[in-house]
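J.: So the protein sequences, as listed, match chains A and B.
Just so you know, the working numbering puts 312 at position 312 of the first sequence, and the rest follows in order with no gaps.
Just so you know, the working numbering puts 475 at position 74 of the second sequence, and the rest follows in order with no gaps.
Just so you know, the hints here were simulated from the structure itself, not pulled from any lab data.
Computed from a predicted structure; not experimentally measured.
Certain hints may be false.
[Said to hold, decoys possible] Pairs of lysine to aspartate or glutamate, EDC-like flavour, derived with a Cα cap of 16 Å:
1) A:LYS35 to B:ASP404
2) A:LYS164 to A:GLU205
3) A:LYS219 to A:ASP287
4) A:LYS117 to A:GLU158
5) A:LYS16 to A:GLU397
6) A:LYS244 to A:GLU212
7) A:LYS16 to A:ASP287
8) A:LYS244 to A:ASP287
9) A:LYS343 to B:ASP404
10) B:LYS417 to B:GLU798
11) B:LYS799 to A:GLU158
12) A:LYS117 to A:GLU264
13) B:LYS504 to B:ASP634
14) A:LYS83 to B:GLU453
15) A:LYS83 to B:ASP634
[Stated by the list, open to error] Anything over 12 Å on all C-beta distances counts as not near chain B; from chain A, calculated:
16) ILE82
17) LEU120
18) TYR231
19) ARG374
[As the list claims (entries may be wrong)] Facing chain A, according to a computed beta carbon distance under 10 Å, are these residues of chain B, among others:
20) LYS711
21) LYS758
22) LEU764
23) ALA767
24) ARG775
25) LEU797
Using N, Cα and C, we set each Cβ at its ideal position, and we do this for glycine too.
Residues per chain, in single letters:
There are 2 protein chains.
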Amino acid sequence: MFDKQEFVSKLVTEEKAKIVLLVMDGLGDIPVNGKTPLQAANTPNLDNLAKESDLGQTIPVLPGITPGSGPGHLSLFGYDPIKYQIGRGILEALGIGVEVGEKDVVARANFATWDGKVVLDRRAGRPATEESAKVVQLLSEKIKKIEDVEITFYPGKEHRFVVKFTGEGLGDKVTDADPQKEGHPMVWAEGLDEPSKKTARIVNELIKKIAEVLKDNPKINFALIRGFSKYPDLPKFPQVYKMKAGAIATYPMYRGLAKLVGMEIIETGQTVADEIKTLKEKWNDYDFFYVHVKKTDSYGEDGKFEEKVKVIEEVDAIIPEIVSLNPDVLVITGDHSTPVPLKAHSWHPVPLLIWSKYTRRGLSQAFNEFECARGTLGTIHASDVMTLALAYAGKLEKFGA
Amino acid sequence: MFDKQEFVSKLVTEEKAKIVLLVMDGLGDIPVNGKTPLQAANTPNLDNLAKESDLGQTIPVLPGITPGSGPGHLSLFGYDPIKYQIGRGILEALGIGVEVGEKDVVARANFATWDGKVVLDRRAGRPATEESAKVVQLLSEKIKKIEDVEITFYPGKEHRFVVKFTGEGLGDKVTDADPQKEGHPMVWAEGLDEPSKKTARIVNELIKKIAEVLKDNPKINFALIRGFSKYPDLPKFPQVYKMKAGAIATYPMYRGLAKLVGMEIIETGQTVADEIKTLKEKWNDYDFFYVHVKKTDSYGEDGKFEEKVKVIEEVDAIIPEIVSLNPDVLVITGDHSTPVPLKAHSWHPVPLLIWSKYTRRGLSQAFNEFECARGTLGTIHASDVMTLALAYAGKLEKFGA
Chain A
1 MFDKQEFVSK LVTEEKAKIV LLVMDGLGDI PVNGKTPLQA ANTPNLDNLA KESDLGQTIP
61 VLPGITPGSG PGHLSLFGYD PIKYQIGRGI LEALGIGVEV GEKDVVARAN FATWDGKVVL
121 DRRAGRPATE ESAKVVQLLS EKIKKIEDVE ITFYPGKEHR FVVKFTGEGL GDKVTDADPQ
181 KEGHPMVWAE GLDEPSKKTA RIVNELIKKI AEVLKDNPKI NFALIRGFSK YPDLPKFPQV
241 YKMKAGAIAT YPMYRGLAKL VGMEIIETGQ TVADEIKTLK EKWNDYDFFY VHVKKTDSYG
301 EDGKFEEKVK VIEEVDAIIP EIVSLNPDVL VITGDHSTPV PLKAHSWHPV PLLIWSKYTR
361 RGLSQAFNEF ECARGTLGTI HASDVMTLAL AYAGKLEKFG A
Chain B
402 MFDKQEFVSK LVTEEKAKIV LLVMDGLGDI PVNGKTPLQA ANTPNLDNLA KESDLGQTIP
462 VLPGITPGSG PGHLSLFGYD PIKYQIGRGI LEALGIGVEV GEKDVVARAN FATWDGKVVL
522 DRRAGRPATE ESAKVVQLLS EKIKKIEDVE ITFYPGKEHR FVVKFTGEGL GDKVTDADPQ
582 KEGHPMVWAE GLDEPSKKTA RIVNELIKKI AEVLKDNPKI NFALIRGFSK YPDLPKFPQV
642 YKMKAGAIAT YPMYRGLAKL VGMEIIETGQ TVADEIKTLK EKWNDYDFFY VHVKKTDSYG
702 EDGKFEEKVK VIEEVDAIIP EIVSLNPDVL VITGDHSTPV PLKAHSWHPV PLLIWSKYTR
762 RGLSQAFNEF ECARGTLGTI HASDVMTLAL AYAGKLEKFG A
């Protein structure tokens, strides 16, 4: 299979440049009463920037395909999101801030109810997050090791938690320990190669131990474990693009994704203002900054139009501060669309703005979905964004003579 | 090779939805006196729909490649038209309504003139269709079987006809029995594997028998046979997309293409009004409807601008009836362009409209080539249309977490 990133990487030079990739999560939307949040927001700074920028829209995976945060971000970082599929376990673990090492296998787990024969409820009646966390605490005290493998539990939301297996010779080609349907007998984990057989044995033993520890609890008395994954071996962003790369993100999932591709994680606070303060402080320490704004997605998921508008306006307000740092290239885009009316990620193309000295400026008057659909960059794959950023930064050699 | 359809099929859910794919054959055009037929036509309903839709344009195969009806339709149905190439024999057979079974090999044939040594005229002086049909009738009476293989003849236009070979162990890896050039000695069929060697033997024997039967006819006294093909084994549309699919088309070629991918053929009349009547009657019986309008292409091929405009207006008039059925997704597009000034299929991108609850509506004001070129969907491959239709219908899971 042709690997675009590998092709591009051969053209990358050591030229020094500053690139900022500002990702407004779930940015793209569809109109409500005739306007999208980007259109409804008062964004004088983004609109002024648009007048000097190249605009376009991106397809994160394929037209019609709704990406999760993993594929959406990998694509923006220049990775083929279909070639590099990140296991659900690792994403869940990254999402709650679990440190995953090279010898670890991580998996996501559900508390469940069973009667000793069949799984009655795959979510154990959806316990409150606090109740579930107490059970995770109990398991942490009672179960620390199986054979030579250390077991670590991490609480999640409601019935969900994460398990990390640390030991020698563990594989992740393990089928889900989950009957998928309620009222069915348990389906145990199976390893598809030798190292994975070891993992499967430990997993099945763990589930039996969990059942033993929780046997007096009427509802939370069993666990299903699935999505087994090791730390994926991805080409490293700083090597591929010859840039020291730092990630400024407030949520664990996005710090985790940045770490997966080899970016350094820069400590920051909880707000957009904190993130920009961090960007300024660390401006001299990195060539490439990935800055992640989460709340555009959160309010899209919650169906809150006005709140999504406010976050966009909040970002608009800090644009002059980014511009005053004088980056060679500033990219503003999203990892996918999260339309308010859908309350979910969607397949709609994502607005894209690239600002630099060398843009074909002058066509667009504002930054929104419609101007981007008719922009100078056209409709491109999100994994082309990094190539474009490098090009505008003068970091790519000519291809061929 | 990455198979997009296979990738998409893994994300398709059992969710129930109604999708209508309305194909106006050869829809795209180029301006004559400043307007394309779509622009010249009075289309208040299509234009109103455009205001609530996502518009774009499709590339059926590759930019610059002019597709035949086969690749044009396969691409719209979500199949890679380069991976799935349908033999000319089968398309010719489908075009005249021949039923092709799993054991059959079909081929297209020409009446020709030869002098016992060289082929003098590959088209036997282009006989009238009626004259040619009489010769086919004569052959049908005289030649019914060679070895254990049944031979069936079907008349076509002018010098053309179709032959169907029905028997055990027939292959279709057979070279053309055709010297390609006039004044050259005959080149006989050759089989490239064991089953195809049997077919080639029968084919060559058949041509000699035809020459024997027609030996007193000065012009129509020989036949060339080529484009050998069996029924192709395509992934089946209803399984791939988890939808019961029905095809409403007035011409055999398009019913045949729909049947190739596993759609059910719904009987209908000869007019657009008949097709819509059928759509209404069968509305509850299928999840997916492919509705084919032929005449936009026919008048393009004939170079008749005003007539093409009239067909577009005829379709415009029935749009409210389709909308009143309340489909989850209505797609209106063509399988390729057939510009009036070219009097032929062309490579120009094809207008695309997708109407549903979840469109990025509001940018476009009319349905025509220029609004589509600047629409919210951008320029996409025609094989992405099905993915988009499924997305808007809520029938696709998110890819990755």
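J.: So TYR231 of chain A supposedly isn't at the interface. Is its beta-carbon more than 12 Å from every beta-carbon in chain B?
T.: Label holds. Min Cβ-Cβ 16 Å, cutoff 12 Å.
J.: Does the no-contact call for ILE82 of chain A survive, Cβ to all of chain B over 12 Å?
T.: At roughly 7 Å from the nearest Cβ of chain B, ILE82 of chain A sits no farther out than 12 Å, so the non-interface label is violated.
J.: Given the hinted pair LYS244 of chain A and GLU212 of chain A, is their alpha-carbon gap at most 16 Å?
T.: Violated - the C-alpha atoms of GLU212 of chain A and LYS244 of chain A are around 49 Å apart, more than 16 Å.
J.: Please verify whether LYS799 of chain B and GLU158 of chain A have alpha carbons no more than 16 Å apart.
T.: violated, 22 Å
J.: Holds or violated: is the Cβ of LYS711 of chain B closer than 10 Å to a Cβ in chain A?
T.: violated, 32 Å
J.: CA of LYS504 of chain B to CA of ASP634 of chain B, is that 16 Å or under?
T.: Holds, because 12 Å separates the two Cα atoms, which is no more than 16 Å.
J.: Does the interface hint hold: is ARG775 of chain B within less than 10 Å of chain A, judged Cβ to Cβ?
T.: Result: holds, 5 Å to nearest chain A Cβ.
J.: Would the hint on ALA767 of chain B stand, with a C-beta cut-off of 10 Å toward chain A?
T.: Nearest chain A Cβ about 15 Å off; hint violated.
J.: Holds or violated: LYS164 of chain A and GLU205 of chain A, Cα atoms, limit 16 Å.
T.: holds, 14 Å
J.: Starting from LYS16 of chain A, check that the Cα of GLU397 of chain A is at most 16 Å away, please.
T.: Answer holds: LYS16 of chain A to GLU397 of chain A is near 13 Å, not above 16 Å.
J.: Tell me if the straight-line CA distance from LYS219 of chain A to ASP287 of chain A falls inside 16 Å.
T.: violated, 52 Å
J.: If I take the minimum Cβ distance from ARG374 of chain A to any residue of chain B, is it greater than 12 Å?
T.: violated, 5 Å
The structure is inconsistent with the numbered hints 1, 3, 4, 6, 9, 11, 12, 14, 15, 16, 19, 20 and 23, although it conforms to all the rest.
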